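Using the sequences provided together with the hints, build the complete structure.
So in the numbering used here, spot 474 of the sequence shown is number 475, and the numbers just go up one at a time.
Heads up, a few of these hints could be off.
[What the hints assert, rightly or not] Result set (DSS-like, lysine-lysine): computed pairs, CA atoms no more than 25 Å apart in a straight line:
| id | residue 1 | residue 2 |
| --- | --- | --- |
| 1 | 726 | 809 |
| 2 | 670 | 1102 |
| 3 | 809 | 955 |
| 4 | 33 | 43 |
[What the hints assert, rightly or not] Pair ranges (Cβ atoms, derived):
| id | residue 1 | residue 2 | range |
| --- | --- | --- | --- |
| 5 | 957 | 701 | 44 to 50 Å |
| 6 | 54 | 726 | 53 to 59 Å |
| 7 | 558 | 701 | 53 to 59 Å |
| 8 | 54 | 752 | 45 to 51 Å |
| 9 | 468 | 187 | 46 to 52 Å |
| 10 | 723 | 59 | 47 to 53 Å |
| 11 | 1011 | 1108 | 36 to 42 Å |
Rather than coming from a laboratory, the hints here were simulated on the basis of the structure. Here the structure is a predicted model, which is why all the values come from computation and not from measurement. We put the beta carbon where it would ideally sit given N, CA and C, even for glycine.
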Amino acid sequence: MSFFGLDCVRKKERELERKLRANDREYNLSFKYATNAIKTSKYNFFTFLPLNLFEQFQRIANAYFLFLLVLQVIPQISSLSWFTTVVPLVLVLSVTAAKDATDDINRHRSDNQVNNRKVEVLIDRKLRNEKWMDVQVGDIIKLENNQFVTADLLLLSSSEPLNLVYIETAELDGETNLKVRQALPVTGDLGDDIEKLSDFNGEVRCEPPNNRLDRFKGTLTVAGQKYSLDNEKILLRGCTLRNTEWCFGVVLFAGPETKLMQNCGKTTFKRTSIDRLMNVLVLCIFGFLAFMCTILAIGNYLWEKNEGSDFHVFLPRLDDSEAGFSAFLTFWSYVIILNTVVPISLYVSVEFIRLGNSFYIDWDRKMYYARNDTPAEARTTTLNEELGQIKYIFSDKTGTLTQNIMIFNKCSINGKSYGDVYDYSGQRLETTEYSDRVDFSFNPLADPRFVFHDHSLVEAVKLENPEVHSFFRLLALCHTVMAEEKTEGELFYQAQSPDEGALVTAARNFGFVFRSRTPDSITIVEMGKQRSFELLAILDFNNVRKRMSVIVRSPEGKLCLLCKGADTIIYERLHQSCSKMMDVTTEHLNEFAGEGLRTLALAYKDLDEEYFDQWRQRHHEASTALDDRESRLDQLYEEIEKDLLLLGATAIEDKLQDGVPQTIEQLSKADIKIWVLTGDKQETAENIGYSCNLLREEMSDVFIVSGNSLDDVRQELRNARSSMKPEAAESSVFLPERILSKRVRAIPDDVVDGEYGLVINGHSLAYALERSMELDFLRTACMCKSVICCRVTPLQKAQVVELVKKYKQVVTLAIGDGANDVSMIKAAHIGVGISGQEGMQAVLSSDYSFAQFRFLQRLLLVHGRWSYLRMCKFLRYFFYKNFTFTFVHFWFAFFCGFSAQTVYDEWFITLYNLMYTALPVLGMSLFDQDVNDAWSFQHPQLYVPGQLNLYFSKKSFFKCALHSCYSSLVLFFIPYAAMRDTVRDDGKDVADYQSFALLTQTCLLFAVSIQLGFEMSYWTAVNTFFVLGSLAMYFVVTFTMYSNGLFLALPSAFPFIGTARNSLNQPNIWLTIVLTSILCVLPVVTYRFLFIQLCPTINDKVMFKVRQAKATLPPPSRRARIRRTSSRRSGYAFSHAQGYGDLVTSGRFLRRPAVSRASGFPHAGRSTTSFSPMGRSAGYSPTGRPQSAKAPDVEVTSLQMYRTFEDPARRS
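So this is what it looks like as structure tokens:
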């Protein structure tokens, strides 16, 4: 891999197939595969200075100031000292270089931390501790429990029976559910025998490095036998080994070629829209500067020709031909003098402002998550103002919107609903963390972290209600969860999905404890009695069936089929006798779904022994068939899963992160469109969409796009578009790719009546993203208020973001928490990483990070809006004060013979931007705010002007230039006229050049200071000190530099001796200063007064409200909880693609024998149990604390932060 990592990219394109041999480094090195070292840093000690300077001088302004510096060292051209340019230039380069060096040092530290991790590698028939960076393709390495996987490995053997390993993929996809991988039997026999492993020389042929996390193809050849390899035998870098003592694997891909790093995407330098606009404006300014200098050079030529002969005594020259050369020199002299139209201090100030606003994000205690001790972090300082211009947000679901915590919330059993709490009058109460909880102390095996509030359900269990017992018995038996009991009574559940874990844990707490299983039995503890059921068949879940069933024989010999699944699917298979109960249960399901809960229907069927024997024989034949196996099995499942008897339904809450619905509601009010891009299945994503207010019942329609062909998807998209806007469906979506330039023409937004939602699944999205249909998809999606894309790959996430960026002139933001979100985060203009428990891969690639999704509204509506507002005010004011400063030189040129004489004192020119006006404008840019954070939340519409670029654009820039032109005319001609033919009180003349220069520069400083006062909306003590202090500093410095002492010390450097004290003691001078200042700001005051009266902006209206309220805090909008009734019901609550059914029945899951168990409840006290694989199922908190623990004060949402002012009595 080259210094820039380019060789790796070229080699990856050439590599068609990977070949490697285990334990043969010499053979593998011949292919020049990448080592396991990763490199994200840009510089090293020797390349930093040249590379960084090269990058900095690619910025037009820096190259321009370097060119000016060269001009200033030429005596014939420069009328200014060289230090006026070199000091600011060195300062800018140094500040930027220091920032770049700090960032790169942090990257080096991160790289070194990862590269220097230790792992055991089999070298020369011994296990040696090696650094990760020294691991090579083909090496055999040993991993132990809770270790990160070093590289992409082919699993060889493990400590578990039948060579299973359990891995957590949080770093890859944000999911904490345990996944199972299994080695080939031929390699599993190697075990942990070092000799056998050392002799292993299997050859692997597989696909080249790629970013597909869910697919792998290859073959392993051992002793002449070829074995097929798939994704189930591969351990990917970034995974964590769990509940497995050790395993061995051979390295297939290392370092930058691992799937984790391939998914990281290309790191691009992100620039804000203001930066891009600034580059255009700077080019325009350069053109205007050249135009002004050309005019003045021509004026010099004409003056030399016509008037220069009169000055031979003072300006001797050799001949008349010198006029042209004089004009040429004058042109470059004025380039130096007028260079302040693009002052280098502008870029220094911009860096300081961005750095300061980044610190505000880092220091914001309202974005600090105390539970995990995680503050918000601005990982970049260059994008703050773009946070105030976001139009589209692309969000992951799992771990970003949700906590992946499933809570057994409610249920319906035999037509009765459980889970709600009522008072004595029969009124339903809202359950909170302080509500009375069910006491499960009667069950020593209960999970102490499980929370339930309805006591009637426990009473029904204790009264041995047969339907309630059957309900929980089904939950304890119908699943593919695996139990582990390392010590007596300490149960760990490993589930493919958190839903299953939540259901099994609920059954456990209500006295039906799933204890253990074998390939042909399930052992549960029913109300203290241990019972073993014979497991005869598992009819596993898949995306088409949307249900799963088990066939068991009870200890009494009763044969029964137990089924759970999506309510619509189960209802189709129920017996006619269940019609009445179906109606009641349907009402409950509608109520559950209206609250956004994930519902599941439960049913059973008693089987005839003779029929089952026949069915079982046919099932065995179908399962071993080579042809048409899947369809034959589906027919058998359909046959037996009918005439079921309804038991009831469950309702699981997919625990949203705190404040997610309120955040999405606020962002929607700010006219921000939110698209959810998730790998979950459609039902799951749709449920979350309703739960978090992304989809609402009040929407005019929610379109589902699920076509299986290009034509089907196109038709569904056009149908949706015609429903929203009939004329839009027929209009052409053809747009020319390029319009006389490299820029792609933007698609305008279609205005529709009503609000709409769009849900599209992964295979349909693949068609929609094809070149021939991407515009159809984009137009349809952009007409909708919210979009949900399901079953999307990491690459598709990035493609969706790129599509919006390509055809929409908007700013995009992507937010996620897993490695599958990295490409999306890097593709968007701004990437935000959620730093939770789901890994840090997304955070490492992000521009901003915090712990909870709800902090996004504060990041955008407060920090982002303020940053954008401050930067726009800064740029408008900065251009105004410097254009005004510079244009005075232009007017003066017509009165000094175009001689490149400066109108101001040279020291004033040097200190104007560095001392006299630097701090006031920085104070405004760091502290100014139109309204405070509370009003920003109260009126999210304040965010809209940023999306429309209303505060700083080409139009506002030219307005600023015109204002400066007017002010410069006033500042030059009013003092000029006031001093012309004027005398002092004592009769002496004051109309000399030095007095005029002092008066003009004093008027200028007062005018720009007053203008700054008009720009500022929020005065603080610091702002006031900076403005008044800068004016005071000007007079102190001026009187000092114009003193006798400095003139006597350095006459050539301080020629303005006595000018200040002779001029500023005259009343007419001060009258001129006052008159000039008033005339400069009068048009601004008039324009603003008329504008606010005739067409006020949203800012003007809100600021008027603030003044009316006299700074009292606004009452927060108390959003009442709405109970929706809906015909939409949640789909099957499983979010995984396939269950563990095959693994369970094959016996491959068996773990080492657990400790011996008593048949009843253990006599020991209530033992601490946990649900390890999920970590958060059935009401687990991420920290392992009970969920009823009182949240810290900082945990309140932003919308609630002022509640104490409104209703202090409630709090007590």
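Now for the hints, and whether the structure bears them out:
{"no.": "1", "hint": "726 <-> 809", "in the structure": "holds (20 Å)"}
{"no.": "2", "hint": "670 <-> 1102", "in the structure": "holds (17 Å)"}
{"no.": "3", "hint": "809 <-> 955", "in the structure": "holds (19 Å)"}
{"no.": "4", "hint": "33 <-> 43", "in the structure": "holds (23 Å)"}
{"no.": "5", "hint": "957 <-> 701: 44 to 50 Å", "in the structure": "violated (37 Å)"}
{"no.": "6", "hint": "54 <-> 726: 53 to 59 Å", "in the structure": "holds (54 Å)"}
{"no.": "7", "hint": "558 <-> 701: 53 to 59 Å", "in the structure": "holds (57 Å)"}
{"no.": "8", "hint": "54 <-> 752: 45 to 51 Å", "in the structure": "holds (50 Å)"}
{"no.": "9", "hint": "468 <-> 187: 46 to 52 Å", "in the structure": "holds (51 Å)"}
{"no.": "10", "hint": "723 <-> 59: 47 to 53 Å", "in the structure": "holds (49 Å)"}
{"no.": "11", "hint": "1011 <-> 1108: 36 to 42 Å", "in the structure": "violated (21 Å)"}
Checked against the numbered hints given earlier, this structure breaks hints 5 and 11; the rest are met.
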